[in-house]
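Student: Residue strings, one per chain:
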Amino acid sequence: MNIKIDAVGNVAVVRCGGSLDAESVGIFKKAMTELVNGGSTQLVVDCEKLSFIDSMGLGALISLLRRVRNQNGDLKVAGLSDDVKTIFEITRLHRLFDVCQDTNAACRQFKK
Amino acid sequence: MIPFCLNFTMRSSVQYHRLLRSLLTCIQQAVGPRLFPRRAVWPTTLALIEAVNNAICHAHRGMTSLPIVLNIKLSARKIVMEVKDQGRGIPKEKLKHLHLVKPEAMHGRGLWLIHHEMDRVISKRNNNGHSLIMTWAKEK
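Note that the protein sequences, when read in sequence, are chains A and B.
Residue numbers for the first sequence follow our numbering, so the first one is 161 and each next one is one higher.
Residue numbers for the second sequence follow our numbering, so the first one is 735 and each next one is one higher.
Derived from the structure by calculation, the hints contain no laboratory data.
Predicted model, so just to flag it, every value in this text is computed and none were measured.
Don't be surprised by glycine CBs; every beta carbon is placed ideally from N, CA and C.
Treat the hints with caution; some may be incorrect.
To be verified - To give an idea of the chain B side of the interface with chain A (calculated C-beta under 8 Å), a few residues:
#1 Phe-738
#2 Phe-742
#3 Gln-749
#4 Arg-752
#5 Arg-755
#6 Leu-780
#7 Glu-784
#8 Asn-787
#9 Glu-838
#10 His-850
#11 Arg-854
Claimed, not checked - List time: in silico DSS-like cross-link candidates among lysine-lysine, alpha-carbon distance up to 30 Å:
#12 A:Lys-209 <-> B:Lys-836
#13 B:Lys-836 <-> A:Lys-245
#14 A:Lys-272 <-> B:Lys-828
#15 B:Lys-812 <-> B:Lys-872
#16 B:Lys-830 <-> A:Lys-189
#17 B:Lys-807 <-> B:Lys-836
#18 A:Lys-245 <-> B:Lys-828
#19 A:Lys-189 <-> A:Lys-209
#20 A:Lys-190 <-> B:Lys-836
#21 A:Lys-164 <-> A:Lys-245
#22 A:Lys-245 <-> B:Lys-830
#23 A:Lys-245 <-> B:Lys-812
#24 A:Lys-209 <-> A:Lys-245
#25 B:Lys-836 <-> A:Lys-272
#26 B:Lys-826 <-> A:Lys-190
#27 A:Lys-189 <-> B:Lys-872
#28 B:Lys-874 <-> B:Lys-828
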């Protein structure tokens, strides 16, 4: 997978491409640990270019969500493809995460 | 219609995930939509990856030298995937009373996803280990 992090104001936008699964989850966790340790607690995970996610990838997102919420921050997911959105719905994670249409909408949510 | 069958053995390692993610797409493109409908690619890929994750993490507990055997069979009516490992298998009670974990839980969704995406899931124990047989039916 590839990860690119942009700052939009106080929000860190994590652009994920490729697959977030058992193979790549270690890379994702390492990058997110560095990001949160660096003080970022308002995160948007942009999944527009994410082609695949499995239960281990979901677990990594939940772990990140718990971590930032413990620090009074939040994590929003944006740009889910139909297939990835279906996985969120099957596992009812769309009730846990704030799922936004796109990154701009997710960043606007933080400003409210 | 000529059926299609693929059998191969891999080590217990996530390094094969890249291959597995593209495998069913490649098979679908090779055999065509009559034998492998396009709408089956995503659910079968997800189920296959989850089953292999279970074999790597739970059955073999990180012992990469242990083999995982995959069988993929396509016929006129169904797609059948079998994942064989050397573990003890899934407890019957767990399969019988499968439930979705709480949203905050970080683990425990793999089997749920397999059951949701596939039409039939059978767990079989034998002398050499365990098989998870997953069937996707073309006619629902």
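Student: Take the hints in turn and mark each one as holding or not.
Tutor: Against the structure, the hints come out as follows:
{"no.": "1", "hint": "Phe-738", "verdict": "violated, 23 Å"}
{"no.": "2", "hint": "Phe-742", "verdict": "violated, 18 Å"}
{"no.": "3", "hint": "Gln-749", "verdict": "holds, 7 Å"}
{"no.": "4", "hint": "Arg-752", "verdict": "holds, 7 Å"}
{"no.": "5", "hint": "Arg-755", "verdict": "holds, 6 Å"}
{"no.": "6", "hint": "Leu-780", "verdict": "holds, 7 Å"}
{"no.": "7", "hint": "Glu-784", "verdict": "holds, 6 Å"}
{"no.": "8", "hint": "Asn-787", "verdict": "holds, 5 Å"}
{"no.": "9", "hint": "Glu-838", "verdict": "holds, 7 Å"}
{"no.": "10", "hint": "His-850", "verdict": "holds, 5 Å"}
{"no.": "11", "hint": "Arg-854", "verdict": "violated, 17 Å"}
{"no.": "12", "hint": "A:Lys-209 <-> B:Lys-836", "verdict": "holds, 27 Å"}
{"no.": "13", "hint": "B:Lys-836 <-> A:Lys-245", "verdict": "holds, 18 Å"}
{"no.": "14", "hint": "A:Lys-272 <-> B:Lys-828", "verdict": "violated, 44 Å"}
{"no.": "15", "hint": "B:Lys-812 <-> B:Lys-872", "verdict": "holds, 5 Å"}
{"no.": "16", "hint": "B:Lys-830 <-> A:Lys-189", "verdict": "violated, 33 Å"}
{"no.": "17", "hint": "B:Lys-807 <-> B:Lys-836", "verdict": "violated, 34 Å"}
{"no.": "18", "hint": "A:Lys-245 <-> B:Lys-828", "verdict": "holds, 27 Å"}
{"no.": "19", "hint": "A:Lys-189 <-> A:Lys-209", "verdict": "holds, 18 Å"}
{"no.": "20", "hint": "A:Lys-190 <-> B:Lys-836", "verdict": "holds, 25 Å"}
{"no.": "21", "hint": "A:Lys-164 <-> A:Lys-245", "verdict": "holds, 21 Å"}
{"no.": "22", "hint": "A:Lys-245 <-> B:Lys-830", "verdict": "holds, 27 Å"}
{"no.": "23", "hint": "A:Lys-245 <-> B:Lys-812", "verdict": "holds, 26 Å"}
{"no.": "24", "hint": "A:Lys-209 <-> A:Lys-245", "verdict": "holds, 13 Å"}
{"no.": "25", "hint": "B:Lys-836 <-> A:Lys-272", "verdict": "holds, 28 Å"}
{"no.": "26", "hint": "B:Lys-826 <-> A:Lys-190", "verdict": "violated, 36 Å"}
{"no.": "27", "hint": "A:Lys-189 <-> B:Lys-872", "verdict": "violated, 38 Å"}
{"no.": "28", "hint": "B:Lys-874 <-> B:Lys-828", "verdict": "holds, 25 Å"}
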